[in-house]
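Chains as they are written, first to last, in this note's numbering: chain A, 371 to 644; chain B, 371 to 644; chain C, 371 to 644; chain D, 371 to 644.
Take the hints with a grain of salt, since some may be wrong.
Remember, identical chains collapse to one label, so a pair may be satisfied in a single copy or spanning two.
List of simulated lysine to any residue pairs, SDA-like, C-alpha gap at most 25 Å [said to hold, decoys possible]:
(1) K461 - Q389
(2) K386 - P609
(3) K386 - E418
(4) K384 - P607
(5) K461 - V422
(6) K533 - K611
(7) K384 - F443
(8) K533 - E475
(9) K384 - L634
(10) K533 - L622
(11) K384 - G581
(12) K461 - D485
(13) K384 - D399
(14) K384 - E451
(15) K386 - E626
(16) K384 - G633
(17) K533 - S424
(18) K533 - D584
(19) K384 - S441
(20) K533 - H454
(21) K384 - T440
(22) K533 - V474
(23) K533 - S425
(24) K533 - T440
(25) K533 - I477
(26) K384 - E536
(27) K384 - S551
(28) K533 - L634
(29) K386 - L622
These are calculated hints, taken from the structure and not from any lab test.
4 protein chains.
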Amino acid sequence: MKNNITQETTSLDKTKPVQLAPGLEIGGDTIISMVGPCSVESFEQTHEIGRVVSSLGIRVLRGGAFKPRTSPFAFQGLGEEGLHILSAVAKEFGLLVVTEAMSVEQIPLVSEYSDIIQIGSRNMQHFPLLWAAGEADRPVLLKRGFMSTVEEWLMAAEHIAQKGNEKIILCERGIRGFDPSTRNVLDTASIALAKKLSPFPVIADPSHATGRADLVLPAARAAVAAGADGLLLEVHPTPSKALSDADQALSLDSLEEFTQQVGLVARALSRELV
Amino acid sequence: MKNNITQETTSLDKTKPVQLAPGLEIGGDTIISMVGPCSVESFEQTHEIGRVVSSLGIRVLRGGAFKPRTSPFAFQGLGEEGLHILSAVAKEFGLLVVTEAMSVEQIPLVSEYSDIIQIGSRNMQHFPLLWAAGEADRPVLLKRGFMSTVEEWLMAAEHIAQKGNEKIILCERGIRGFDPSTRNVLDTASIALAKKLSPFPVIADPSHATGRADLVLPAARAAVAAGADGLLLEVHPTPSKALSDADQALSLDSLEEFTQQVGLVARALSRELV
Amino acid sequence: MKNNITQETTSLDKTKPVQLAPGLEIGGDTIISMVGPCSVESFEQTHEIGRVVSSLGIRVLRGGAFKPRTSPFAFQGLGEEGLHILSAVAKEFGLLVVTEAMSVEQIPLVSEYSDIIQIGSRNMQHFPLLWAAGEADRPVLLKRGFMSTVEEWLMAAEHIAQKGNEKIILCERGIRGFDPSTRNVLDTASIALAKKLSPFPVIADPSHATGRADLVLPAARAAVAAGADGLLLEVHPTPSKALSDADQALSLDSLEEFTQQVGLVARALSRELV
Amino acid sequence: MKNNITQETTSLDKTKPVQLAPGLEIGGDTIISMVGPCSVESFEQTHEIGRVVSSLGIRVLRGGAFKPRTSPFAFQGLGEEGLHILSAVAKEFGLLVVTEAMSVEQIPLVSEYSDIIQIGSRNMQHFPLLWAAGEADRPVLLKRGFMSTVEEWLMAAEHIAQKGNEKIILCERGIRGFDPSTRNVLDTASIALAKKLSPFPVIADPSHATGRADLVLPAARAAVAAGADGLLLEVHPTPSKALSDADQALSLDSLEEFTQQVGLVARALSRELV
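Throw the hints in and build the complete structure from the sequences for me.
Listed below in structure tokens is the structure:
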């Protein structure tokens with residue numbers, strides 16, 4: 371078995387880009403935004419987001435259909451209907467889709483509707499799911515467990531790669547800390563470290579990392595400055611009415627200003643944000 | 371939907387015992403030890419452990435057949451063969467078996483061989499697995515995620531209970547901390563808190579919590595003193611040769627002394643350790 | 371320079387008792403309770419506590435005169451007047467006093483009124499204070515920093531011991547964690563570990579560790595079961611009216627029952643709680 | 371008493387600049403680097419650093435004379451001789467000095483030699499030291515406790531401000547986490563949050579935050595992108611021979627490239643790094 375992870379490298383960045391679609395790769399000069407609602411709530415909500423997102427040149431639509439929720443009494447997502455909506459909106463606006471598969475059985479279904487299979491933070495060490503993703507023919511977005519070390523995260527990626535799928539995108543989404551003022555702690559240095567130790571592109575999720583809409587911009591700029599190859603962002607037409615994660619969603623109105631601000635940092639590093 | 375968790379109680383302990391076998395329940399006056407190897411390595415190893423364990427009056431044999439390992443390059447367990455061995459040894463010595471199901475698909479197989487279905491720390495929020503365990507007709511041992519709050523742990527139990535299975539045993543196995551001198555931090559107060567907020571029996575795993583054989587005894591005594599209804603313990607005929615978790619396994623030779631020492635604390639609380 | 375800390379020992383407990391007064395030592399068969407208010411608020415409050423405490427056979431009165439408070443807008447303690455009160459009450463009831471010195475300059479003053487000098491958690495690595503305590507002729511109660519490893523804690527004790535004062539009592543008071551359901555996490559295994567690695571008696575502060583009066587009893591029992599040589603406890607005649615730490619103070623009425631319950635565990639380990 | 375901290379603001383950045391010297395302020399358009407050795411080891415070492423630092427246009431020299439060290443057996447700094455060296459080198463090259471005062475008694479001495487008084491992470495809640503700094507006539511650099519919340523950090527600043535000194539510079543230097551791959555976790559979002567909630571400039575210490583020379587550059591870029599008003603950096607002529615913190619010191623040779631790289635991010639935010 372080949373091991374993708376090295377303990378010693380001289381270059382900070384040895385990333386091998388992953389192709390997302392013809393002409394679109396992640397891990398190279400282009401920083402990829404993946405933008406959308408936490409949960410797909412309705413066709414109208416998703417369509418409105420898709421329209422704005424595509425008008426800004428963003429190429430990837432994110433959204434949750436199956437929602438892993440701490441409480442069984444909370445909204446659990448629209449399920450397959452959510453996948454239909456995501457896929458229809460993406461088709462209309464020429465977007466790619468990334469959405470989460472929560473279990474082994476959902477991998478075929480998610481693969482049918484989605485261009486990228488997301489594995490969530492709570493499932494980072496659910497090994498059967500990693501193995502199933504390793505047999506899929508889609509790029510896999512592997513979120514870091516909020517309680518996992520960088521080494522455990524890279525080892526989880528190895529569980530996928532060992533099954534033959536090396537189209538892996540790592541995503542730092544904040545680790546659990548002791549300070550209630552933010553939802554999690556964005557571990558910016560881990561982005562650089564993961565890029566140093568592995569060949570996989572690394573993106574950041576400043577929405578979950580901070581849990582506060584007012585901190586998403588500085589966190590996103592920091593992630594890009596640390597070398598992130600992409601951003602996963604939550605937006606909502608009316609954040610205060612979101613069925614999940616209302617506090618951290620950016621409004622659609624603020625998205626253009628947001629991408630311009632982050633784009634300035636990207637260009638300072640000779641990269642382009644789309 | 372009924373909610374088992376209360377935020378307000380007057381009594382510290384409102385535990386509703388769970389029946390494990392005719393005449394054997396957990397959550398009452400008897401504190402239940404569940405003892406065995408981290409991994410089932412061979413029939414000989416498991417048989418030797420079963421013999422000693424049963425000779426001490428212990429009633430439950432634990433052991434891992436499917437091992438969720440951080441690294442894909444580490445020993446992953448004997449799989450179904452491990453279940454055969456566990457079951458055969460348990461039958462010979464009149465023991466019950468507890469072993470982990472790592473995925474939804476393994477639930478029927480594990481149910482066939484095991485009296486209690488264990489859900490591991492890494493899977494505490496793998497909701498499809500919780501739902502499947504909620505439909506099984508076996509008691510479920512739910513380990514606390516090593517970076518989960520007590521509320522998240524109890525909510526995970528609710529995901530099981532909502533499917534109809536309320537035979538749930540909670541297990542505190544140490545949370546992740548900042549001090550490398552122990553593998554995890556045994557959160558003793560969480561044992562009392564979980565018993566206060568839920569009706570489920572709570573046990574402790576001092577082996578994983580400390581990761582050090584020399585601290586398992588004081589940690590086990592502390593857990594019992596805090597109100598634990600049982601203990602999950604790793605033993606090995608030759609700890610230094612264990613294929614996994616070698617540092618934390620008690621030797622079989624020390625087990626009798628161990629149970630006597632912990633038994634003294636149990637009796638101080640008018641309970642009996644078996 | 372001699373180093374008190376060993377990395378390797380065979381015995382779990384190599385504690386060398388510290389004499390507190392003629393006929394009273396800590397670290398031997400007797401487990402020492404140190405009981406009193408978080409803050410000395412008035413003569414009446416302290417006198418009432420002293421009366422009850424001494425009637426139960428408890429020998430050490432604790433209480434804060436100088437209160438290190440996170441916010442400069444919170445009650446900062448009575449200062450020297452508080453020391454007067456503590457000392458007068460202790461004299462009347464034949465108790466010893468333990469109270470905190472917050473700075474180098476307070477060491478002489480605190481030494482005058484108090485039998486044991488406490489160094490607080492926030493000051494565990496304030497080295498000038500450790501050095502000054504190392505030159506005092508009083509036993510020093512060194513609280514573990516709520517963010518310190520066991521090694522850092524023992525090294526802080528070494529900073530004291532290097533100045534000549536080896537009458538050191540270590541106190542585990544809970545470490546900072548991620549779960550808001552308790553104020554801190556009582557690290558029970560650290561009590562056993564500190565006793566294994568150093569010659570100093572180790573006590574526990576279940577009041578600060580849990581921050582909840584309803585969890586103080588199970589936490590105290592756990593600490594004693596893990597080998598603690600003493601307990602630091604907050605009580606108040608009317609907990610709901612306490613000027614600081616109201617949520618965690620035991621009522622005076624519950625103290626007798628409390629000491630009986632903990633005493634049962636102590637006796638199971640062939641020790642006596644006073 | 372006036373409270374500088376607000377819980378509600380609309381603007382992310384309400385920083386009120388602090389004047390360091392005539393014509394040099396922190397918290398405005400200029401991002402201030404404070405560069406030097408962890409410990410002042412000798413005149414030669416410090417002089418060499420001062421020469422390179424000033425040649426790059428950097429205006430502030432940092433260096434430790436009194437070193438708070440976890441172990442009493444480790445190098446404790448040159449003491450007052452170190453202050454002499456720092457001051458002499460700074461004078462020769464027209465630099466300002468920032469160095470740590472470890473105790474109340476050192477405040478006058480440090481004020482004599484240093485332009486900025488640093489309060490270390492371990493002392494963030496040593497209130498008598500905060501009060502003494504609040505009476506000094508020098509700007510105070512207040513490091514965040516490595517396990518302190520943002521609110522506790524801002525409250526510590528209030529302890530200083532209440533004594534009359536509002537020339538406070540906050541410094542995020544990494545918080546303690548569970549992953550041993552970096553020394554601490556740079557909490558980038560806390561930089562933005564502290565700037566949002568208080569009027570004080572906020573800088574970052576990527577050297578201590580990461581503990582790894584190879585991650586200092588991405589961490590520094592991230593901090594600046596998140597809005598940091600300055601950087602505290604450790605350099606050494608021969609990092610491998612440093613008497614303290616050898617793993618995290620940048621070499622003098624790499625400093626020019628480093629400042630250019632970070633400067634690109636600063637300019638993207640319309641700021642200038644000196």
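Hints versus structure:
no.	hint	in the structure
1	K461 - Q389	within (19 Å within a copy, 54 Å between copies)
2	K386 - P609	neither (36 Å within a copy, 31 Å between copies)
3	K386 - E418	neither (34 Å within a copy, 40 Å between copies)
4	K384 - P607	neither (38 Å within a copy, 28 Å between copies)
5	K461 - V422	within (14 Å within a copy, 57 Å between copies)
6	K533 - K611	neither (41 Å within a copy, 30 Å between copies)
7	K384 - F443	between (44 Å within a copy, 23 Å between copies)
8	K533 - E475	both (17 Å within a copy, 19 Å between copies)
9	K384 - L634	both (24 Å within a copy, 22 Å between copies)
10	K533 - L622	neither (39 Å within a copy, 38 Å between copies)
11	K384 - G581	between (31 Å within a copy, 21 Å between copies)
12	K461 - D485	within (11 Å within a copy, 50 Å between copies)
13	K384 - D399	within (13 Å within a copy, 34 Å between copies)
14	K384 - E451	neither (40 Å within a copy, 42 Å between copies)
15	K386 - E626	neither (29 Å within a copy, 29 Å between copies)
16	K384 - G633	both (23 Å within a copy, 23 Å between copies)
17	K533 - S424	neither (34 Å within a copy, 41 Å between copies)
18	K533 - D584	neither (40 Å within a copy, 32 Å between copies)
19	K384 - S441	between (40 Å within a copy, 22 Å between copies)
20	K533 - H454	neither (28 Å within a copy, 27 Å between copies)
21	K384 - T440	between (37 Å within a copy, 24 Å between copies)
22	K533 - V474	both (14 Å within a copy, 20 Å between copies)
23	K533 - S425	neither (38 Å within a copy, 44 Å between copies)
24	K533 - T440	between (30 Å within a copy, 15 Å between copies)
25	K533 - I477	both (14 Å within a copy, 23 Å between copies)
26	K384 - E536	within (15 Å within a copy, 46 Å between copies)
27	K384 - S551	between (35 Å within a copy, 19 Å between copies)
28	K533 - L634	neither (39 Å within a copy, 41 Å between copies)
29	K386 - L622	neither (32 Å within a copy, 31 Å between copies)
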